[in-house]
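> To convert, take the position in the sequence shown, counting from 1, and add 6; that gives the working numbering.
Bear in mind the hints are in silico, worked out from the structure with no lab data behind them.
Check the hints yourself; a few may be wrong.
[Claimed, not checked] Computed list of lysine to aspartate or glutamate pairs in EDC-like fashion (alpha-carbon distance at most 20 Å, straight line):
#1 K108 - E89
#2 K108 - D151
#3 K108 - E94
#4 K108 - D142
#5 K108 - E22
#6 K108 - D13
#7 K108 - E132
#8 K108 - E12
#9 K108 - E83
#10 K108 - E146
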Amino acid sequence: MTSRPEDVAAVRAVVETFLGAFVDGPDSVDRLDALRALFVPGAIVVATCGRPEPAVYDVDGFITPRQELLAGGSLTEFTEWPESGRVEMFGDIAHWFGSYSKSGTQDGEAFTGRGMKSMQLVRFPEGWRISAIAWDDEREGLTIDQP
Numbered sequence: 007m008t009s010r011p012e013d014v015a016a017v018r019a020v021v022e023t024f025l026g027a028f029v030d031g032p033d034s035v036d037r038l039d040a041l042r043a044l045f046v047p048g049a050i051v052v053a054t055c056g057r058p059e060p061a062v063y064d065v066d067g068f069i070t071p072r073q074e075l076l077a078g079g080s081l082t083e084f085t086e087w088p089e090s091g092r093v094e095m096f097g098d099i100a101h102w103f104g105s106y107s108k109s110g111t112q113d114g115e116a117f118t119g120r121g122m123k124s125m126q127l128v129r130f131p132e133g134w135r136i137s138a139i140a141w142d143d144e145r146e147g148l149t150i151d152q153p
């Protein structure tokens with residue numbers, strides 16, 4: 007597969023913008039509102055995370071409760087960031103698969119976590135947009151292998 011360095015950089019920028027939107031604070035609602043523009047119409051977001059059945063969201067169904075959580079005060083000092091990942095692309099489609107970490111305080115209890123995300127992206131005239139995201143988090147019996 008061939009990919010231009012500027013396209014790989016643009017896809018990585020979308021990934022970083024997506025994960026960087028999930029930070030608590032006074033502008034969290036605005037960041038998450040702006041995040042909607044990174045998705046194609048009809049995009050889906052799927053969380054597995056050990057659930058008996060994966061949770062499937064449309065864009066608003068995914069973003070709205072996270073806005074409320076980040077702005078509500080019970081989740082503080084929260085941040086999420088990419089660790090490592092790879093971009094694969096062909097023509098106007100791309101895929102990022104990588105690890106991410108998160109930390110914060112929920113109802114007074116500090117926590118950290120890690121997981122893996124898979125993002126599909128499509129090139130539009132205005133740039134790369136997310137068509138689908140799926141993720142799973144580490145838990146007992148499921149950990150990210152260290153290199």
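> Hints first: check each against the structure and report whether it holds.
Hint check:
no.: 1; hint: K108 - E89; verdict: holds, 10 Å
no.: 2; hint: K108 - D151; verdict: holds, 17 Å
no.: 3; hint: K108 - E94; verdict: violated, 24 Å
no.: 4; hint: K108 - D142; verdict: holds, 13 Å
no.: 5; hint: K108 - E22; verdict: holds, 13 Å
no.: 6; hint: K108 - D13; verdict: violated, 26 Å
no.: 7; hint: K108 - E132; verdict: violated, 30 Å
no.: 8; hint: K108 - E12; verdict: violated, 27 Å
no.: 9; hint: K108 - E83; verdict: holds, 10 Å
no.: 10; hint: K108 - E146; verdict: holds, 17 Å
The structure does not agree with the numbered hints 3, 6, 7 and 8 stated previously, though it agrees with the rest.
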